[in-house]
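Protein chains: 2
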Amino acid sequence: MPKKPVPNQGRKKNMVKSNANALRIIPLGGLGEIGKNMTAFEYGNDIIVVDIGSIFPREDMPGVDLVIPDTSYLQMNRDRVRGYMITHGHEDHIGAAPYVLREIPAPVYATKLTSALIESKLKEHKLLGSAKINVIEPGDIVEAGAFKVEFIKMSHSIAGTCALAIHTPVGVVVHTGDFKVDYTPVDGQLMDFNRLAALGSEGVLLLMADSTNVERPGYTMSERKVGETFNNLFDRAQGRIIIAMFASNVHRIQMVIDAAVSRKRRVCLIGRSMVNVARLSMQLGYMDVPDGYLINADDLDRYPDDEIIVITTGSQGEPMSGLSRMAFQEHKKLEIRPGDMVIVSATPIPGNEKSVSRVLNQLVKTGADVIYDALAEVHVSGHARQEELKLMQALIKPKFFIPVHGEYRHLYHHANLAVTMGVPEENVLIPDNGTVIEVTKDEMRASDVVPSGAVLIDGLGIGDVGETVLRDRKHLSEDGLIIVVIGLDHEDGTLVSGPDIVSRGFVYVKENEDIMEGARATVRRVLDAKLYSGISTGALKDVIREALSRYIYDTIKRNPMILTIIV
Amino acid sequence: MPKKPVPNQGRKKNMVKSNANALRIIPLGGLGEIGKNMTAFEYGNDIIVVDIGSIFPREDMPGVDLVIPDTSYLQMNRDRVRGYMITHGHEDHIGAAPYVLREIPAPVYATKLTSALIESKLKEHKLLGSAKINVIEPGDIVEAGAFKVEFIKMSHSIAGTCALAIHTPVGVVVHTGDFKVDYTPVDGQLMDFNRLAALGSEGVLLLMADSTNVERPGYTMSERKVGETFNNLFDRAQGRIIIAMFASNVHRIQMVIDAAVSRKRRVCLIGRSMVNVARLSMQLGYMDVPDGYLINADDLDRYPDDEIIVITTGSQGEPMSGLSRMAFQEHKKLEIRPGDMVIVSATPIPGNEKSVSRVLNQLVKTGADVIYDALAEVHVSGHARQEELKLMQALIKPKFFIPVHGEYRHLYHHANLAVTMGVPEENVLIPDNGTVIEVTKDEMRASDVVPSGAVLIDGLGIGDVGETVLRDRKHLSEDGLIIVVIGLDHEDGTLVSGPDIVSRGFVYVKENEDIMEGARATVRRVLDAKLYSGISTGALKDVIREALSRYIYDTIKRNPMILTIIV
Numbered sequence: 001m002p003k004k005p006v007p008n009q010g011r012k013k014n015m016v017k018s019n020a021n022a023l024r025i026i027p028l029g030g031l032g033e034i035g036k037n038m039t040a041f042e043y044g045n046d047i048i049v050v051d052i053g054s055i056f057p058r059e060d061m062p063g064v065d066l067v068i069p070d071t072s073y074l075q076m077n078r079d080r081v082r083g084y085m086i087t088h089g090h091e092d093h094i095g096a097a098p099y100v101l102r103e104i105p106a107p108v109y110a111t112k113l114t115s116a117l118i119e120s121k122l123k124e125h126k127l128l129g130s131a132k133i134n135v136i137e138p139g140d141i142v143e144a145g146a147f148k149v150e151f152i153k154m155s156h157s158i159a160g161t162c163a164l165a166i167h168t169p170v171g172v173v174v175h176t177g178d179f180k181v182d183y184t185p186v187d188g189q190l191m192d193f194n195r196l197a198a199l200g201s202e203g204v205l206l207l208m209a210d211s212t213n214v215e216r217p218g219y220t221m222s223e224r225k226v227g228e229t230f231n232n233l234f235d236r237a238q239g240r241i242i243i244a245m246f247a248s249n250v251h252r253i254q255m256v257i258d259a260a261v262s263r264k265r266r267v268c269l270i271g272r273s274m275v276n277v278a279r280l281s282m283q284l285g286y287m288d289v290p291d292g293y294l295i296n297a298d299d300l301d302r303y304p305d306d307e308i309i310v311i312t313t314g315s316q317g318e319p320m321s322g323l324s325r326m327a328f329q330e331h332k333k334l335e336i337r338p339g340d341m342v343i344v345s346a347t348p349i350p351g352n353e354k355s356v357s358r359v360l361n362q363l364v365k366t367g368a369d370v371i372y373d374a375l376a377e378v379h380v381s382g383h384a385r386q387e388e389l390k391l392m393q394a395l396i397k398p399k400f401f402i403p404v405h406g407e408y409r410h411l412y413h414h415a416n417l418a419v420t421m422g423v424p425e426e427n428v429l430i431p432d433n434g435t436v437i438e439v440t441k442d443e444m445r446a447s448d449v450v451p452s453g454a455v456l457i458d459g460l461g462i463g464d465v466g467e468t469v470l471r472d473r474k475h476l477s478e479d480g481l482i483i484v485v486i487g488l489d490h491e492d493g494t495l496v497s498g499p500d501i502v503s504r505g506f507v508y509v510k511e512n513e514d515i516m517e518g519a520r521a522t523v524r525r526v527l528d529a530k531l532y533s534g535i536s537t538g539a540l541k542d543v544i545r546e547a548l549s550r551y552i553y554d555t556i557k558r559n560p561m562i563l564t565i566i567v
Numbered sequence: 001m002p003k004k005p006v007p008n009q010g011r012k013k014n015m016v017k018s019n020a021n022a023l024r025i026i027p028l029g030g031l032g033e034i035g036k037n038m039t040a041f042e043y044g045n046d047i048i049v050v051d052i053g054s055i056f057p058r059e060d061m062p063g064v065d066l067v068i069p070d071t072s073y074l075q076m077n078r079d080r081v082r083g084y085m086i087t088h089g090h091e092d093h094i095g096a097a098p099y100v101l102r103e104i105p106a107p108v109y110a111t112k113l114t115s116a117l118i119e120s121k122l123k124e125h126k127l128l129g130s131a132k133i134n135v136i137e138p139g140d141i142v143e144a145g146a147f148k149v150e151f152i153k154m155s156h157s158i159a160g161t162c163a164l165a166i167h168t169p170v171g172v173v174v175h176t177g178d179f180k181v182d183y184t185p186v187d188g189q190l191m192d193f194n195r196l197a198a199l200g201s202e203g204v205l206l207l208m209a210d211s212t213n214v215e216r217p218g219y220t221m222s223e224r225k226v227g228e229t230f231n232n233l234f235d236r237a238q239g240r241i242i243i244a245m246f247a248s249n250v251h252r253i254q255m256v257i258d259a260a261v262s263r264k265r266r267v268c269l270i271g272r273s274m275v276n277v278a279r280l281s282m283q284l285g286y287m288d289v290p291d292g293y294l295i296n297a298d299d300l301d302r303y304p305d306d307e308i309i310v311i312t313t314g315s316q317g318e319p320m321s322g323l324s325r326m327a328f329q330e331h332k333k334l335e336i337r338p339g340d341m342v343i344v345s346a347t348p349i350p351g352n353e354k355s356v357s358r359v360l361n362q363l364v365k366t367g368a369d370v371i372y373d374a375l376a377e378v379h380v381s382g383h384a385r386q387e388e389l390k391l392m393q394a395l396i397k398p399k400f401f402i403p404v405h406g407e408y409r410h411l412y413h414h415a416n417l418a419v420t421m422g423v424p425e426e427n428v429l430i431p432d433n434g435t436v437i438e439v440t441k442d443e444m445r446a447s448d449v450v451p452s453g454a455v456l457i458d459g460l461g462i463g464d465v466g467e468t469v470l471r472d473r474k475h476l477s478e479d480g481l482i483i484v485v486i487g488l489d490h491e492d493g494t495l496v497s498g499p500d501i502v503s504r505g506f507v508y509v510k511e512n513e514d515i516m517e518g519a520r521a522t523v524r525r526v527l528d529a530k531l532y533s534g535i536s537t538g539a540l541k542d543v544i545r546e547a548l549s550r551y552i553y554d555t556i557k558r559n560p561m562i563l564t565i566i567v
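Protein chains in written order, with our numbering: chain S, 1 to 567; chain V, 1 to 567.
Because the hints were derived from the structure by calculation, they are not lab data. Be a bit skeptical, because a hint or two may be false.
Pairs involving identical chains hold if they fit within one copy or between any two copies, as the list cannot separate such chains.
List time: in silico DSS-like cross-link candidates among lysine-lysine, alpha-carbon distance up to 27 Å [unchecked claim]:
no. : residue 1 : residue 2
1   : K399      : K365
2   : K557      : K121
3   : K557      : K126
4   : K390      : K225
5   : K123      : K557
6   : K557      : K474
7   : K474      : K510
8   : K354      : K474
9   : K390      : K365
Predicted model only: the values in this text are computed from it and were never measured.
Isolated chain S (complex conformation) (with noise of 0.2 Å):
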């Protein structure tokens, strides 16, 4: 069984009494999953950070936008961090991007696309100019204060994706970020195994890698397959093809165009992510549409049926997605039809699965040739599965290994992948977020747990909405709302005016006067009996909303929010 960190063992928080030699690494925020959108590598008097991804927020998170890590200890120590190193362009690695750079401006160094993706969060946020982003190729090694940064290509669901070999006095330590092995990858350039073998020959201090699917036995398909799909798919289409995808498989898209063009039929990209990452992967070069093949959605009904391909947003089933739009016929330019082929190329990610089958569903409905992961391979995951987590270990021999990039249960079953291939049981360690891991040539522990979590975004709002205004916002949602509003004698405390009630999200009012006027009823009854006239408003509040409360509850067994307002 590996060993697991015991967070903040009698230390204070923020006072790190920390092995001056020591390598410190500090998974920072995450909401259920570990290590993932944030991690900071520190030693001496130097920073540098790791991703700065947004969090999928939780269901019990209504109203809420976006879901970042708290930074408030690379704010405590902004002076020292001397760059973030960007693994790719998803958005729980990117999506913090604006709020990140914003407080702690520090060199940004990413791949082609990545370097882009960022670049057009911070130019939405206005905030283009904020940090320099500087643009790296796989193989390039970036200096920042004690650290030297290698990037080495790799193979996921996005183009320009790195793994990092952090070489630092320590020793080397090699994080994979996110990856799977794809020995038939789209653009034809391999994940750089060579590299990866040769650090390991040379010899890696610690491994931090991907546990996404560590679950699943064997591989994880190539990509390709999902090209083939698509071709045996397209043959079969007697009318237009609307495919629904992440717009940041750059190469699943490119493979879409390529069968397109081969079978003449033009391709229209709809939705505004989907037409934003497509001309940036253009001009990168990253994606190639040959002349005249890219079509305006204004234009589709200029082309016949079968000379169409639509490629768009909304594969996890997101109502104001362009595929949702178009299923629900509430899309301005594209609505499903018999006779199209729809094809929805992805998984549903946890928490998405009713979003997603209500499109399907409805998308069947309209006559469509409806294809989605259920009937055939339209979709690979971008993750290794065990025999690849087995491969990266072969190949890296790591002396130190900390699984990341999962929830718990994905950790600690990659934790014993780890042992099973080798690496002994003390030195593996499974982190958390906020763990502070000391790491030497000889040792490796948990030392201490910095301040780390979620910070909420709703509206302009940062961090302002916590566990008090979620609660309400629950409570509200549950039984809804009761608002008490009467009007006192400033003398003898008289009732002048009321009891009035209005109510929200409780019954609906009209068909239930009967309760209306048994809550107006209750909070007469209290303030008849006088006994509280001596009493403060405060306290008088509280007589009344425990009355109403007992009565409510009473009668139809539920806690609406109680608000008294005493004019």
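Following the hints, position chain V against chain S.
This is chain V only, laid out in the frame that chain S set:
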């Protein structure tokens, strides 16, 4: 392509002008799923109802305790209801019993366990005796008006499951209920292949069949497969074994008991529904525990760890369930600890993925050996896959086919499966809830629509939570609430008190006093302008709400609900 009903083609609701000699079939109620929870069969003056189940609530129904089918059509025709035929005892087939039987009493027919579960529900609602419950055996035929209903033994994930052969004046309808094919059922009693085949030979007019697993190729494994996995796991367990599963899967519980007893482990049942169902099952002879093997949770400490098996609820990650409370160390009788083996014998029902995941992570953190569906075959479905559905078509050879029990896309694929098995395309109809399907010897068509859908139950209120209330709850949950209280002079409408502002679920007020002050200033500006002195209170409220809403959106990009109270 199978034909689809075009509901309500210009006909008035409830004004059914039907062929008096036709059988009328009406699926009633459901959210997303069709033909599952309750179905009416009507001929002449007689109605029978198949199943009276509750409906899984949708995620956008906060605070809703239970959802039941709309019974208004049955209420309008209550004198004609001759009986309820219940296929099996799962919640989605009996959960609405207390509400339906109270409103529309008629005899209920069901096998032993199903009857006992319905009775236990009625007892809980203090409604015992409100309907006569007739215990029948598989093979029995019930006469109800124009119908003869034959109960046919089937395999499913609860004991006592039956299909129905409904003998009507126009021909025989076979309704499969929920089923799978299990050649090695735990109780040794095969589903009645012979009777189904005999019906097929004699001629079946219409088949209605379970579509749940139609997207899955091949066969669902036998329940015994799970028993084999349990035996292998138990052999490896060194300490306590804790298994979570649905209380209703009596056969699976029996397999655990058998495996426990053969290893001299005592059996402890934890969880209200687990204890309740097991007690009923033992009384009825569905379950058997040798004397002395059943122990109380209070006595767990009296036995060595390797002589204990605990069977509990919570396999869906329900926060208040046995398993969840044990995992988070909140259970009074049992805390999971290192050395325990925990088996979660289920797959998440769609929508429950995240809560299951949360409990699994916590279980792994306790240091126990945690086994779940991603790691071992600890669960099999209760529903037939493609090859089993084909077997059903082959045995029954129906003239007409209606796929039921599934979302639209499942029904659609099941319709196609029937067509590939030889049912003519024009003899297949995909229903919707509320569709009236008329069937004669020669024809099947959608003839009308009656009220159907879902009735929400929150506390004691049935149906008083509708669209408006849910919309308010959603609004409140997303951006919270702001209440503005102002006192205006009776005579000249000048401000005499306030504006006071109260908020809930909006921002953390103490840290956002400036927003609150801005809000008060905004309201004051509206009133000071005196442009609205002549207008009604309602109109003034609108003006204040609009101004405040604009201020708040401009300041923080949120849209709280705004209520203005003028005294």
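Q) Which holds for K474 with K510 at a C-alpha limit of 27 Å: within a copy, between copies, both or neither? A) The answer is both: 25 Å in one copy and 20 Å across copies each meet 27 Å.
(Q) My question is about K390 and K225: at a cut-off of 27 Å on alpha-carbon distance, are they close within one copy, between copies, both, or neither? (A) within (22 Å within a copy, 30 Å between copies)
Q. Is it within, between, both or neither when you check K557 against K126 at 27 Å Cα-Cα?
A. Intra 50 Å, inter 16 Å, cutoff 27 Å: inter-copy only.
Q | Identical-chain pair category, K123 with K557, by Cα at 27 Å | A | For K123 and K557, only the inter-copy Cα distance (19 Å) is at most 27 Å; the intra-copy one is 51 Å.
Q. Between the shortest in-copy and the shortest cross-copy C-alpha distance, which are at most 27 Å for K557 and K121: within, between, both, or neither?
A. between (48 Å within a copy, 19 Å between copies)
Q | K399 and K365: within-copy, between-copy, both or neither at 27 Å Cα | A | between (56 Å within a copy, 24 Å between copies)
Q | Intra/inter-copy verdict for K390 and K365 if alpha-carbon distance must be at most 27 Å | A | Answer is between; shortest inter-copy Cα gap is 24 Å, intra-copy 44 Å.
Q: Using 27 Å as the alpha carbon limit, work out where K354 and K474 are close: within a copy, between copies, both or neither.
A: both (21 Å within a copy, 18 Å between copies)
**Q.** 27 Å Cα threshold - placement of K474 relative to K557
**A.** both (17 Å within a copy, 20 Å between copies)
Hint compliance for this structure: no hint is broken.
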